[in-house]
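Engineer: Keeping the supplied structure of chain G fixed, place chains X, W and U upon it in accordance with the hints.
Chain residues, written in single-letter form:
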Amino acid sequence: MDERLRSELSRQGVVAIKLETLYNWGRKNSLWPLGFGLACCAIEMIAASMARFDLSRFGAEVFRPSPRQADLMIVAGTVTKKMAPQVVRLYNQMPEPKYVIAMGACAISGGPFKQGYNVLKGIDRYLPVDVHIPGCPPKPEAVIQGLMLLQDLIDGQKLTGPGRPRFLKKGEPSDFEVPIEGAHDLVPPYNAAVWRPCKITIDE
Amino acid sequence: MTGSIGHTLQFLTVFLVIAVSFSLIPILLARIWAKAFSPAKPSSRKNAIYECGLESKGDAWIQYQSQYYVYAILFLVFDVESIFLIPFGVAFLELPPGAVVAMLVFVLLLFEGLVWAWMKGVLNWK
Amino acid sequence: MESIEQIKLRIEQAIPGVILEIIANGSPGNPASIRVDPEHALAVARFLKDDGQLRLDYASNVTGVDWPDKVAQQTVKVLKMVDGVEKEFDAKVETREPGFLEAVYHLYSMELKHGPLVLRMRTGDRAGQTHLPSLTPLYRSADFQEREIYDLYGIIFDGHPDLRRLLMWEGFEDHPMRKDYAEPDDYEFEPTAHNQVLAKARRHYPPKASNG
Amino acid sequence: MADIGMESAVGISAAGDGAGPGYRLLAKESPEEEGRFLEISMGPQHPSTHGVFRMDVLLDGETVVRLKPVFGYLHRNHEKIAEGTTYLGSMPYTDRLDYFNSMTNNWAYALAVEKLAGISVPERAEYIRVITAEMTRLQNHATLMGFLLQDLGAMGTPLMYAFREREKILDLFEAVSGSRMMCNYMRFGGCRVDLPSGWLEETVRLVDEFPGFLDEFEALLAENEILMARLQGVGVLSAALAVNAGVTGPMLRASGVNYDIRKVDHYGIYDRFKFRVPLGAHGDCYDRLMLRLLEMRESIKILKQALKQIPSGPVIDPKVKIRNFKPKPGEAYGRIEGPKWELGFYLMSDGSASPYRYRVRPPSLINLTVLEDLCIGQKVADVVVILGSVDIVLGEVDR
Numbered sequence: 001m002d003e004r005l006r007s008e009l010s011r012q013g014v015v016a017i018k019l020e021t022l023y024n025w026g027r028k029n030s031l032w033p034l035g036f037g038l039a040c041c042a043i044e045m046i047a048a049s050m051a052r053f054d055l056s057r058f059g060a061e062v063f064r065p066s067p068r069q070a071d072l073m074i075v076a077g078t079v080t081k082k083m084a085p086q087v088v089r090l091y092n093q094m095p096e097p098k099y100v101i102a103m104g105a106c107a108i109s110g111g112p113f114k115q116g117y118n119v120l121k122g123i124d125r126y127l128p129v130d131v132h133i134p135g136c137p138p139k140p141e142a143v144i145q146g147l148m149l150l151q152d153l154i155d156g157q158k159l160t161g162p163g164r165p166r167f168l169k170k171g172e173p174s175d176f177e178v179p180i181e182g183a184h185d186l187v188p189p190y191n192a193a194v195w196r197p198c199k200i201t202i203d204e
Numbered sequence: 001m002t003g004s005i006g007h008t009l010q011f012l013t014v015f016l017v018i019a020v021s022f023s024l025i026p027i028l029l030a031r032i033w034a035k036a037f038s039p040a041k042p043s044s045r046k047n048a049i050y051e052c053g054l055e056s057k058g059d060a061w062i063q064y065q066s067q068y069y070v071y072a073i074l075f076l077v078f079d080v081e082s083i084f085l086i087p088f089g090v091a092f093l094e095l096p097p098g099a100v101v102a103m104l105v106f107v108l109l110l111f112e113g114l115v116w117a118w119m120k121g122v123l124n125w126k
Numbered sequence: 001m002e003s004i005e006q007i008k009l010r011i012e013q014a015i016p017g018v019i020l021e022i023i024a025n026g027s028p029g030n031p032a033s034i035r036v037d038p039e040h041a042l043a044v045a046r047f048l049k050d051d052g053q054l055r056l057d058y059a060s061n062v063t064g065v066d067w068p069d070k071v072a073q074q075t076v077k078v079l080k081m082v083d084g085v086e087k088e089f090d091a092k093v094e095t096r097e098p099g100f101l102e103a104v105y106h107l108y109s110m111e112l113k114h115g116p117l118v119l120r121m122r123t124g125d126r127a128g129q130t131h132l133p134s135l136t137p138l139y140r141s142a143d144f145q146e147r148e149i150y151d152l153y154g155i156i157f158d159g160h161p162d163l164r165r166l167l168m169w170e171g172f173e174d175h176p177m178r179k180d181y182a183e184p185d186d187y188e189f190e191p192t193a194h195n196q197v198l199a200k201a202r203r204h205y206p207p208k209a210s211n212g
Numbered sequence: 001m002a003d004i005g006m007e008s009a010v011g012i013s014a015a016g017d018g019a020g021p022g023y024r025l026l027a028k029e030s031p032e033e034e035g036r037f038l039e040i041s042m043g044p045q046h047p048s049t050h051g052v053f054r055m056d057v058l059l060d061g062e063t064v065v066r067l068k069p070v071f072g073y074l075h076r077n078h079e080k081i082a083e084g085t086t087y088l089g090s091m092p093y094t095d096r097l098d099y100f101n102s103m104t105n106n107w108a109y110a111l112a113v114e115k116l117a118g119i120s121v122p123e124r125a126e127y128i129r130v131i132t133a134e135m136t137r138l139q140n141h142a143t144l145m146g147f148l149l150q151d152l153g154a155m156g157t158p159l160m161y162a163f164r165e166r167e168k169i170l171d172l173f174e175a176v177s178g179s180r181m182m183c184n185y186m187r188f189g190g191c192r193v194d195l196p197s198g199w200l201e202e203t204v205r206l207v208d209e210f211p212g213f214l215d216e217f218e219a220l221l222a223e224n225e226i227l228m229a230r231l232q233g234v235g236v237l238s239a240a241l242a243v244n245a246g247v248t249g250p251m252l253r254a255s256g257v258n259y260d261i262r263k264v265d266h267y268g269i270y271d272r273f274k275f276r277v278p279l280g281a282h283g284d285c286y287d288r289l290m291l292r293l294l295e296m297r298e299s300i301k302i303l304k305q306a307l308k309q310i311p312s313g314p315v316i317d318p319k320v321k322i323r324n325f326k327p328k329p330g331e332a333y334g335r336i337e338g339p340k341w342e343l344g345f346y347l348m349s350d351g352s353a354s355p356y357r358y359r360v361r362p363p364s365l366i367n368l369t370v371l372e373d374l375c376i377g378q379k380v381a382d383v384v385v386i387l388g389s390v391d392i393v394l395g396e397v398d399r
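Chains as they are written, first to last, in this note's numbering: chain G, 1 to 204; chain X, 1 to 126; chain W, 1 to 212; chain U, 1 to 399.
If you are wondering where the hints come from, they were derived from the structure by calculation, not from laboratory data.
For glycine and all other residues, C-beta sits at the position ideal for the given N, C-alpha and C.
Be careful, since some hints might not be right.
As the list claims (entries may be wrong) - From the structure, some residues in chain G lie toward chain X, with a derived Cβ separation under 7 Å:
#1 Gln86
#2 Arg89
#3 Leu90
#4 Asn92
#5 Gln93
#6 Leu149
#7 Leu168
#8 Lys170
#9 Ser174
#10 Asp175
Claimed, not checked - The list that follows gives simulated cross-link-like pairs (lysine-lysine, DSS-like), each with its CA atoms no further than 27 Å apart:
#11 Lys35/X with Lys18/G
#12 Lys321/U with Lys308/U
#13 Lys70/W with Lys92/W
#14 Lys308/U with Lys263/U
#15 Lys200/W with Lys70/W
#16 Lys169/G with Lys35/X
#17 Lys169/G with Lys41/X
#18 Lys49/W with Lys263/U
#19 Lys70/W with Lys263/U
#20 Lys120/X with Lys158/G
#21 Lys169/G with Lys158/G
#22 Lys158/G with Lys41/X
Pulled out of the complex, with its shape left as it was, chain G reads as follows:
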């Protein structure tokens, strides 16, 4: 099915597309985020879904309160060590094709509150993050650009073959270990299966 034939057919009013494209097109344009604001970034997320910046142009303005009906978790704000088990438990309870957007410097790496004793230095210690939106808080336009980036990511997902996304592979886990609140810190401090710290050598 080369391009010339396809354009010829489309001129006759016949649309020929792959099932994969249709499947991804449908999912990409109806991402339902989980109504789950943590801090200041949540206000910018709400402002992005309001009339002026209008997240509903991308089909993502339905903020579902319960994780069972959401397929996109926007971690908007500082994840504290007291809140981390809840965030991971909510992620576990979401149905399978689910994505995580780490919105704001706090969710990405602890942000301005990095030296806090009760602040988790980034949600990618416990959850696989798909899109990072830097900023403190990122402006609503940045939130929309982050969402469009996620839509491109979904667009490129394969249905078959080794390049399949995580949720289509049998062996890949769909939920992750929930940390427990220990005596001095979260136990375990990070999820080794998910978190890939950057390898450095301290040169003397």
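Structural biologist: This is chains X, W and U only, laid out in the frame that chain G set:
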């Protein structure tokens, strides 16, 4: 004669088959799709009870108050009543006055039950 | 509002046996504070609240402060016998002042609309005796703030109706706002721009001859 | 003053003596009472709790028997970090305290440091501070009404109107300070930069249009039967309990106590403007909502006067050292009437560049002291509305 009746019955069965298959095919497709493409991965963490992000403590099988049961019964009674009223409403014009009186008795009987429950104070929450 | 000395005198008359101390405030134009001994704190607070001229019925702010032990190094002349001859040596002597925890109350009056009276209470020391009387029975606004001080500083408020940790999770054991709190070490090196700048600096400047 | 007892009438003692994780509200469940009470937690992730705030509610059917708020899910250690950075270094952190009103947070912190170090502020800076603070009050009250109506069930539509007005004000803040929400605009002794050209005319136009929005909202809200049925008589706060529990701001004035720090402390230049302080009569949720509407009208009056009288001149006191700013040892407590309530900063300095103790008076945390008293006996749906009318922000509750 029977052929024409047999004929209309066949006509009905075709419609029945189409209706049933129209509802079953998407479910079948979804099942095939799940088996072929996205494997199911049930796990205890995923099926945990959702309680605002917290771990749910205690089990849900506790003895409930009888008050809830009374509300449920009253709702059920009036739900069933509305089922009877629907065909009555559809065939209202062709019905003789006797049927209207019968339905009136039926409705008033239930209404009297509600008034009694209200007077007895079952409805307001103690 | 009267001056703080007058208030001190009137409190001493009203409550016999109370130990009051006025602590000056270094910055200009800000009120000095009164330090009360924990035993009479509740009685003093009740007096301040019901007194006709003061009517301090609004505890605006309750703060915990940590004063760690002060270790002062002094050099002292010491006489020592060295093979039969007395010689003077100066030896370093460490004098250790015991630190304490402090609760500071800012009391205002909503009725007479006048300024803050700063009330201070100090605990015995930072480890064993960290008990202070709670003012929550008098000022309900101190309820959550005292729970927060218990959580972050470790002052146990006697008489508080529901003393639990406010901000940290219940299983947490340390008191994080103390000056000597050691954070769990979850340091994560981030290759930021400074890293390249550091490497470039190292290449440019030869390492110092005696890096001891 | 009657000491308001903590135990509720039903005589269920607080089970928790710090009893480990899973603090249970219900002390001991005798067998025959097993199903009587239902303990649920409107937990950290809940559409009604404006952020990560958790309430453990004990229910008898629909009515609330006990309610214990749980905090700490957004405890970001603002005070511990502030003890590590310089005075100016923690100015951007104050934006993130009450992330709806960054201008007034900055002003409160700047006021406290100016009190500590004895710094004077030039005229024009005072006027700019009053103008930006009153505009913050406008957008905060508009957003509050939007969220309260969303709690009542009007999903989204009133919030759209409120955010439309808020966006206009945020554009002006972005023009003057560079960022929509996190302005970081005040400095000790004035403001960072002067107003851009055309900003004042733009603000005058906004202030002239704003009453139109207010009339529109008042027409929608004042005589709306659903609103009156749902809000009147719900969550009544008595004046005595309000004063004793340290409640401040519009919630206190809705109970009839005339205590507005702009009139009590005479900070800034509020004495030059004629404005009135609206007071409520019943102290219920309806009064709190309407009070905010009236306060917006007063803010517009202040803005009109300030915009006419603003002089030209320096925006910051040139004598103030920005680089290594080391105030003399001492302590100071500065507070302002924020859009939500009294926001205070208590600073202790030991002569070094970073504060020895940096304490933020968390007004939303203290206003929540009375949440249990307001909610006992109400229905669960009313708990959501009462929390909405208290108008908390989690960045400030947990700091």
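Engineer: All the hints need checking, so say for each whether the structure fits it.
Structural biologist: Comparing the hints with the structure gives:
The interface hint given for Gln86/G is met, as the beta carbon of that residue sits about 3 Å from the closest beta carbon of chain X, less than 7 Å. Of the supplied interface hints, the one on Arg89/G holds, with its beta-carbon coming within about 6 Å of a beta-carbon of chain X, less than 7 Å. The criterion of a C-beta within 7 Å of any C-beta in chain X is met by Leu90/G, whose closest approach is roughly 5 Å, and the hint holds. Hint status for Asn92/G: holds, given a least beta-carbon distance of 4 Å to chain X, under 7 Å.
The criterion of a C-beta within 7 Å of any C-beta in chain X is met by Gln93/G, whose closest approach is roughly 5 Å, and the hint holds. Restraint check, Leu149/G versus chain X: the minimum CB separation of about 23 Å is more than 7 Å; hint violated. Taking 7 Å as the C-beta cut-off, the interface hint given for Leu168/G holds, the closest approach to chain X being about 5 Å. Contact between Lys170/G and chain X, as hinted, is supported at the beta carbon level, the nearest pair being about 5 Å apart and thus within 7 Å.
Because the beta carbon of Ser174/G sits about 4 Å from the nearest beta carbon in chain X, less than 7 Å, this interface hint is met. The beta carbon of Asp175/G is positioned within 7 Å of a beta carbon in chain X (closest approach about 4 Å), and the interface hint is therefore held. Taking the CA atoms of Lys35/X and Lys18/G, the gap is near 20 Å; set against the 27 Å cutoff, the hint holds. Our distance criterion of 27 Å between C-alpha atoms is broken by Lys321/U and Lys308/U, whose separation comes to about 31 Å.
Only pairs whose Cα atoms come within 27 Å are accepted, and Lys70/W paired with Lys92/W is accepted, the gap being roughly 15 Å. Annotation: proposed proximity of Lys308/U to Lys263/U holds, straight-line Cα distance about 21 Å (limit 27 Å). Taking the CA atoms of Lys200/W and Lys70/W, the gap is about 42 Å. The hint is violated against a cut of 27 Å. For the hint linking Lys169/G to Lys35/X, the alpha-carbon distance of about 12 Å falls within 27 Å, and the restraint holds.
Straight-line distance between C-alpha atoms of Lys169/G and Lys41/X comes to about 10 Å, which keeps the hinted pair within the 27 Å bound. Between Lys49/W and Lys263/U the CA atoms are separated by roughly 23 Å; this keeps the pair inside 27 Å, and the hint holds. This hinted pair does not check out: Lys70/W and Lys263/U have alpha carbons roughly 43 Å apart, beyond 27 Å. As the CA atoms of Lys120/X and Lys158/G are separated by approximately 65 Å, the hinted pair breaks the 27 Å bound.
Pair hint Lys169/G plus Lys158/G holds up; C-alpha atoms about 11 Å apart against a cutoff of 27 Å. Taken as a hint, the Lys158/G and Lys41/X pair is honoured in the structure, with Cα atoms around 19 Å apart against an allowance of 27 Å.
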